[in-house]
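J.: Chains as they are written, first to last, in this note's numbering: chain A, 1 to 504; chain B, 1 to 504.
Take these hints with a grain of salt, some might be off.
Which copy is meant is left open, so a pair is good if it fits within one copy or across any two.
[Said to hold, decoys possible] In silico lysine to aspartate or glutamate, EDC-like type, Cα no more than 20 Å apart, as pairs:
#	residue 1	residue 2
1	Lys94	Glu435
2	Lys101	Asp34
3	Lys3	Asp34
4	Lys94	Asp121
5	Lys388	Glu294
6	Lys404	Glu215
7	Lys23	Glu474
8	Lys7	Asp429
9	Lys94	Glu291
10	Lys286	Glu435
11	Lys7	Glu105
12	Lys37	Glu479
13	Lys488	Asp427
14	Lys95	Asp139
15	Lys462	Glu295
16	Lys462	Glu445
Everything labelled a hint here was simulated from the structure, so no lab data went into it.
Each chain, letter by letter, is given below.
2 protein chains.
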Amino acid sequence: MLKLKVKPLGFPVGRRLVLINEKDATSQGMRMNDRVKVEHKKRRASAFLSISGSCVEPGVAALSQEVMEILEVEEGDIIALSLSGRPPSFSYIKKKMEGQKLLPEEIRSIIEDAVNYNLTDLEIAAFLLSQEFYGMSMDEIEALTKAMVETGERIDFGRPAFEKHSIGGVPGNKVSLLIVPIVASLGVLIPKTSSRAITSPTGTADTMEVLAPVEFTADEFREIALKVGGAIVWGGRLGLAPTDDIFIRVEHPLGIDPRGQMLASIMSKKLATGTKALVIDIPTGKGAKVENVEEAELLSSQFVELGRRFGVRVQCGITYGGQPVGHAIGPALEAKEALEALQGRGPASLIEKSTSLAGMLLEMAGVTTRGSGKELAEEVLASGKALKKMREIIEAQGGNPDVKPEDIPLGQYTTEIRAPCDGYVTDVDNHSIKEIALAAGAPAEKGAGVLLHAKVGYKVEKGDPLMTIYAERESKLTEAYNVAMRTKPITVEGMLLRRIPDYT
Amino acid sequence: MLKLKVKPLGFPVGRRLVLINEKDATSQGMRMNDRVKVEHKKRRASAFLSISGSCVEPGVAALSQEVMEILEVEEGDIIALSLSGRPPSFSYIKKKMEGQKLLPEEIRSIIEDAVNYNLTDLEIAAFLLSQEFYGMSMDEIEALTKAMVETGERIDFGRPAFEKHSIGGVPGNKVSLLIVPIVASLGVLIPKTSSRAITSPTGTADTMEVLAPVEFTADEFREIALKVGGAIVWGGRLGLAPTDDIFIRVEHPLGIDPRGQMLASIMSKKLATGTKALVIDIPTGKGAKVENVEEAELLSSQFVELGRRFGVRVQCGITYGGQPVGHAIGPALEAKEALEALQGRGPASLIEKSTSLAGMLLEMAGVTTRGSGKELAEEVLASGKALKKMREIIEAQGGNPDVKPEDIPLGQYTTEIRAPCDGYVTDVDNHSIKEIALAAGAPAEKGAGVLLHAKVGYKVEKGDPLMTIYAERESKLTEAYNVAMRTKPITVEGMLLRRIPDYT
Chain A
1 MLKLKVKPLG FPVGRRLVLI NEKDATSQGM RMNDRVKVEH KKRRASAFLS
51 ISGSCVEPGV AALSQEVMEI LEVEEGDIIA LSLSGRPPSF SYIKKKMEGQ
101 KLLPEEIRSI IEDAVNYNLT DLEIAAFLLS QEFYGMSMDE IEALTKAMVE
151 TGERIDFGRP AFEKHSIGGV PGNKVSLLIV PIVASLGVLI PKTSSRAITS
201 PTGTADTMEV LAPVEFTADE FREIALKVGG AIVWGGRLGL APTDDIFIRV
251 EHPLGIDPRG QMLASIMSKK LATGTKALVI DIPTGKGAKV ENVEEAELLS
301 SQFVELGRRF GVRVQCGITY GGQPVGHAIG PALEAKEALE ALQGRGPASL
351 IEKSTSLAGM LLEMAGVTTR GSGKELAEEV LASGKALKKM REIIEAQGGN
401 PDVKPEDIPL GQYTTEIRAP CDGYVTDVDN HSIKEIALAA GAPAEKGAGV
451 LLHAKVGYKV EKGDPLMTIY AERESKLTEA YNVAMRTKPI TVEGMLLRRI
501 PDYT
Chain B
1 MLKLKVKPLG FPVGRRLVLI NEKDATSQGM RMNDRVKVEH KKRRASAFLS
51 ISGSCVEPGV AALSQEVMEI LEVEEGDIIA LSLSGRPPSF SYIKKKMEGQ
101 KLLPEEIRSI IEDAVNYNLT DLEIAAFLLS QEFYGMSMDE IEALTKAMVE
151 TGERIDFGRP AFEKHSIGGV PGNKVSLLIV PIVASLGVLI PKTSSRAITS
201 PTGTADTMEV LAPVEFTADE FREIALKVGG AIVWGGRLGL APTDDIFIRV
251 EHPLGIDPRG QMLASIMSKK LATGTKALVI DIPTGKGAKV ENVEEAELLS
301 SQFVELGRRF GVRVQCGITY GGQPVGHAIG PALEAKEALE ALQGRGPASL
351 IEKSTSLAGM LLEMAGVTTR GSGKELAEEV LASGKALKKM REIIEAQGGN
401 PDVKPEDIPL GQYTTEIRAP CDGYVTDVDN HSIKEIALAA GAPAEKGAGV
451 LLHAKVGYKV EKGDPLMTIY AERESKLTEA YNVAMRTKPI TVEGMLLRRI
501 PDYT
């Protein structure tokens, strides 16, 4: 074991790296890329070794930002460095790689090592890809959920919490900004934790952030939610089921989302906040995460069963996800549309979906009888009570409660895509719309996005605007426009799609 | 696009990293971990972005050693940096992840991107794990082989080359050090490229390096081989099928070795040196890579068919791999044993295996008739002609041709493992022997390893030495001894293995 003085590398390198002098390395028989254990007081991180003859003196360990943060060390602190083998949980990952089922304690061991940074991204990828290839049994998913809850923080609101979650995949899905105030305005506690966009143009947390801050400690979150009966915060700072964030770092670059892992991730976060009843939104349709109703039904039954095992009442709403929800896609555009909808000026698809899901929660909470929830939600929305509650939530989270839709700044660079012919809109392509909004700069540039002027079934005439693209930078507007030209986001029937064979 | 001045980070970080100032990043809308393209003259590398406010000034790009080496740049050079998307070949990897077969041009695209450093380790892992899960058709393997050859260097010896390759997995397999001189001494050109150990205590290149240098340029290698008729060099510097090394960096940490990839890797390297006839050694038995003869036969037929598609005659030797070959495991110990065997003092298993495989090559080369190759190989060995040829090869590669076995330095720290009772040796465990030799410091510490005094079938008395462990450091000797105590490398029948139930 070496005792070395900490020097910060001062920047992140994308992995946990410790750089030491080659003399120190030789004295311990350590080699480049060896797996090492770095310890400081009670904290520990596994990391990888780099060796240099000149960039660091003997007796010093230069740590990448990733290691500094895990160990909570500063320049000059003394860390202990030693060679470490591969953690035992890797043998369980290998077991899953061979297609075998894992025992609860094996899953627990994998999750503990993941959360303690003892597994590399490659090892985590092997675990997640094995899940993707072989699937997970309900027992495995239950064990995964349990391990994910127990390795994270928990928040106790002191009374039953109700929650709503969408599995995602459909652009423009700002329904939480309506559902939370509708439900909360009737006295049902709904402390919503939400995520930022990973691959999409905006996440609920990104959209809400246009209206109010969303990053809070667990105590602040509890206080806000209990004060006004609801909140919409970013879950990322709360330490709930932290494995999820670690896994997402691998899932995202590989474009995978193993089903069992998704079930466990959602359920574990809800369990960590003491959720007693949960409505799951499963957008279903072409270009959504779930493409047909049979698949949505199977997933629903898995959610219900997983909830049952943990004493959580779950109802799933299979919703239409074949085109974007509402007209707006992108953080500011969606926040604006949600606010307009709370004022009674929202698009039908958004109102319809939000009140349906809110109604399910109201029925589960016993606020109204089965079958009357949607109507009640519509009344609350129309009465302005939901808007009033939203303003309370915005104020409690530190935003401006008097914000008007027209106050919300949108990207200053805009361009329109127009109908190439007369006809009816027969398709609005989720993937293409997403790509355009991303190219325009969403979600990092909050004013960027897409505003649809036509959706499926609309009659348009040649030259009518089909959509406006918003961007905060001219270069990104051009990029987004090029994506739109290439991907045919909106199909107008009558338009010649292709001619085969293509005689010239 | 940014034009930035190169500053070396000065150390490897385990990935291709470019660190720029946050002002430069903001000006381009670039973010942490974005995928970027770095260009300098005609060279290009994809890399990942890191951003710092203080560690690097605006206008400067700090490059990790991995990027410096690919671009061949120096401090002060000007590089062009721009955002780059995911390469199109990733969509083919996704296709394979979904279990579909790939077309030759899709495989070609993946291999080209891999070799040009356009794929991340995670993406490569997804490709290799998909191969592991779904397998590869012979058409896919053929395309993989072709793409791997064509993206690398080739060496033309001007006359047909003969080669021998072991798929590995059995410790102590130093047969190439006998086969090459036997075959070469009869005028058959055998320019052997070999590998260093990846997970094993020694590779043929590591073992040969005890006797002579093994790192050469393609020109030097050709010159040596043509001069003395044979050579044993490290393939890693020759640039033959370079994808293989890139893939191994992912396969090794995941402990995977997809069958199709293995076939393509071996065949592509042999094609790159103009091999016309190839003998493949397939060690088979408990603890080897291939555990039973049926599997070995299937693999053999695949090798033969793959060879047929490229006009290479292939013969496979299914050899006994249930325990180590010979008695010595570790670079120096194996070099010593090989030299002794060339002097006529080798263990029966080593002589038997080496002459069998050499005999196959001699028959394929038409030096002798079918069925008489092994006998001819034994004669050549017994006559001292093979030893003489080996000394020529050692000299041609720059080693000491007069080296005596007893000159070879072994680890100065040794300990013995003794028989716990009277009886017969019923098992020598490949995995355990490998672990012991690795713990002792092999392959990096060349004197480290294991010398077996007893193998399966030997009669031993309680207290007889079963093996000697050699190490260059006392601490590693202790570690290796502990591994030996824990893993039961040698089973002597009569020894009580376990008692169930275990009444006390």
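J.: Run every hint past the structure and note whether it holds.
T.: Tested hints:
1. Taking the shortest alpha-carbon separations for Lys94 and Glu435, only the inter-copy value of 18 Å comes in at or below 20 Å, while the best intra-copy value is 36 Å.
2. When the C-alpha separation of Lys101 and Asp34 is checked against a cutoff of 20 Å, the pair qualifies neither within a copy, at 30 Å, nor between copies, at 36 Å.
3. Taking the shortest alpha-carbon separations for Lys3 and Asp34, only the intra-copy value of 17 Å comes in at or below 20 Å, while the best inter-copy value is 35 Å.
4. In this homomeric assembly, Lys94 and Asp121 come within 20 Å of each other (Cα to Cα) both inside a single copy, at 15 Å, and across copies, at 18 Å.
5. For the identical chains of this complex, Lys388 and Glu294 are neighbours neither inside a copy (39 Å) nor across copies (74 Å), given an alpha-carbon limit of 20 Å.
6. When the C-alpha separation of Lys404 and Glu215 is checked against a cutoff of 20 Å, the pair qualifies neither within a copy, at 22 Å, nor between copies, at 72 Å.
7. Taking the shortest alpha-carbon separations for Lys23 and Glu474, only the inter-copy value of 18 Å comes in at or below 20 Å, while the best intra-copy value is 52 Å.
8. For the identical chains of this complex, Lys7 and Asp429 are neighbours neither inside a copy (50 Å) nor across copies (45 Å), given an alpha-carbon limit of 20 Å.
9. For the identical chains of this complex, Lys94 and Glu291 are inter-copy neighbours only, at 18 Å across copies versus 32 Å inside a copy, given an alpha-carbon limit of 20 Å.
10. Taking the shortest alpha-carbon separations for Lys286 and Glu435, only the intra-copy value of 16 Å comes in at or below 20 Å, while the best inter-copy value is 52 Å.
11. For a Cα distance limit of 20 Å, the shortest separation of Lys7 from Glu105 qualifies neither inside one copy, at 38 Å, nor across copies, at 48 Å.
12. Only between protomers do Lys37 and Glu479 lie at most 20 Å apart by alpha-carbon distance; the minimum there is 18 Å, versus 45 Å within a single protomer.
13. Only within a single protomer do Lys488 and Asp427 lie at most 20 Å apart by alpha-carbon distance; the minimum there is 10 Å, versus 67 Å between protomers.
14. Proximity of Lys95 and Asp139 under a CA criterion of 20 Å is satisfied intra-copy only: 16 Å inside one chain copy versus 29 Å between copies.
15. When the C-alpha separation of Lys462 and Glu295 is checked against a cutoff of 20 Å, the pair qualifies neither within a copy, at 38 Å, nor between copies, at 65 Å.
16. In this assembly of identical chains, Lys462 and Glu445 lie within 20 Å of each other by CA distance neither inside one copy nor across copies; the values are 32 Å within and 76 Å between.
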